[in-house]
Amino acid sequence: MEHNTPEQNFAALGLTLPPAPAPVGVYKPCLTDGKYLFVSGHGPVRDDKSLITGQVGREVNLEHAKMAARQVGLTILSSIKAHLGSLDKVKRVIKVFGMVNCDTDFEKHPHVINGCSELFAQVWGEDHGVGVRSAVGMGSLPANIPVEIEAIFELH
Amino acid sequence: MEHNTPEQNFAALGLTLPPAPAPVGVYKPCLTDGKYLFVSGHGPVRDDKSLITGQVGREVNLEHAKMAARQVGLTILSSIKAHLGSLDKVKRVIKVFGMVNCDTDFEKHPHVINGCSELFAQVWGEDHGVGVRSAVGMGSLPANIPVEIEAIFELH
Amino acid sequence: MEHNTPEQNFAALGLTLPPAPAPVGVYKPCLTDGKYLFVSGHGPVRDDKSLITGQVGREVNLEHAKMAARQVGLTILSSIKAHLGSLDKVKRVIKVFGMVNCDTDFEKHPHVINGCSELFAQVWGEDHGVGVRSAVGMGSLPANIPVEIEAIFELH
Numbered sequence: 038m039e040h041n042t043p044e045q046n047f048a049a050l051g052l053t054l055p056p057a058p059a060p061v062g063v064y065k066p067c068l069t070d071g072k073y074l075f076v077s078g079h080g081p082v083r084d085d086k087s088l089i090t091g092q093v094g095r096e097v098n099l100e101h102a103k104m105a106a107r108q109v110g111l112t113i114l115s116s117i118k119a120h121l122g123s124l125d126k127v128k129r130v131i132k133v134f135g136m137v138n139c140d141t142d143f144e145k146h147p148h149v150i151n152g153c154s155e156l157f158a159q160v161w162g163e164d165h166g167v168g169v170r171s172a173v174g175m176g177s178l179p180a181n182i183p184v185e186i187e188a189i190f191e192l193h
Numbered sequence: 038m039e040h041n042t043p044e045q046n047f048a049a050l051g052l053t054l055p056p057a058p059a060p061v062g063v064y065k066p067c068l069t070d071g072k073y074l075f076v077s078g079h080g081p082v083r084d085d086k087s088l089i090t091g092q093v094g095r096e097v098n099l100e101h102a103k104m105a106a107r108q109v110g111l112t113i114l115s116s117i118k119a120h121l122g123s124l125d126k127v128k129r130v131i132k133v134f135g136m137v138n139c140d141t142d143f144e145k146h147p148h149v150i151n152g153c154s155e156l157f158a159q160v161w162g163e164d165h166g167v168g169v170r171s172a173v174g175m176g177s178l179p180a181n182i183p184v185e186i187e188a189i190f191e192l193h
Numbered sequence: 038m039e040h041n042t043p044e045q046n047f048a049a050l051g052l053t054l055p056p057a058p059a060p061v062g063v064y065k066p067c068l069t070d071g072k073y074l075f076v077s078g079h080g081p082v083r084d085d086k087s088l089i090t091g092q093v094g095r096e097v098n099l100e101h102a103k104m105a106a107r108q109v110g111l112t113i114l115s116s117i118k119a120h121l122g123s124l125d126k127v128k129r130v131i132k133v134f135g136m137v138n139c140d141t142d143f144e145k146h147p148h149v150i151n152g153c154s155e156l157f158a159q160v161w162g163e164d165h166g167v168g169v170r171s172a173v174g175m176g177s178l179p180a181n182i183p184v185e186i187e188a189i190f191e192l193h
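Chains as they are written, first to last, in my numbering: chain A, 38 to 193; chain B, 38 to 193; chain C, 38 to 193.
None of these hints come from the bench; they were simulated from the model.
Each hint can be trusted.
Each pair may be met inside one copy or between any two copies, as identical chains are not told apart.
With a Cα cut of at most 25 Å, we get these calculated DSS-like pairs of lysine-lysine:
1. 86 with 118
2. 128 with 72
3. 72 with 118
4. 86 with 65
Being a predicted model, the structure only gives us computed values, none of them experimental.
With these hints in hand, go ahead and build the complete structure from the sequences.
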């Protein structure tokens, strides 16, 4: 898989990208600084622009939470394409900060955030698609989304 | 506004800066590394050095929370001036991480953190004053402050 | 102390390092990018590989929480040694993000995270061992660990 481009890898997955979300506050979805691409916290946007909502462990079960994290990953990919034109301009994942909106007794944050991390590994490969990460539990998230993820990438 | 300097823009707002807070732990309020300025998590310090406190949605309502976020922004500006001497040495905002101390059913974190982001946009302009951002809900914050914000800036 | 190497400083403390933890998800514990070392969120790993667990303010009191944060620091040192071979390759601490798993009325996050920050200051010295920091309260953490810390270091 590593010999293909990120765009080819993504196309092979047969997944669709949701529309790149417009900011709902005073921020930029993506910002390029030299060889770094900084990406704002993104939520799980569906293809119809609606957001997946619900707290994990209450309205959203573990597997749906992981799918929501994958949808966050797709939303990030969509923002990157809107900002850079192509996923091929990204060399690798540097850092992912994965935030889960869940009960205080929830313990499986890494499993949830893997939904996004596995997508990035499929797109950029097992080495370049995997960076450092924290996967942690928030008290709440905007609009009651179950997962929010921010990231830093390195550009070619 | 973009033709004025950040210091001129700030002066035009007619706002006062609180005293730059001393660290209450083993950390530096600001750290310069090459062209980057890293800023520690700051709380809302008042002009008399006291902190605004209270959880958002309980003791602090939405508009007061936004004003608290602006006060965090002013506190960050004060730390930057103490560290660099002038806001003019900062070229632009790279990244803001906005943390709201709120109930688990709170949903308007972006509205709260806009209190800080709008201030930065007024000081550094609509392009350079706006970076990437996450605005999220914490389970608790030090000294029960309603908002804490950390940031990364680019220097000239 | 600043005239000794970080490895010498650490040896003088008489502390033992836990085994470097293997990832429990799709991430790298450490990632080097140019002069920066990015470190994933780490928990408090004991010498027998088990994790310290429990929420601060409930099962874990303030001083045990600070000791757990020091254990997180030791775990990070272990990961760095596994990644780089020596602590001497790290020039200084840039940024620490300290996350405490605690009740919503907990207020002493800086005291807890000092357990890690004081360790770093002992290893790299009062200037290079101290960076910017946020110390904040999470709704929950993976495997119910009391403290998780991620960090960015500068390399020589």
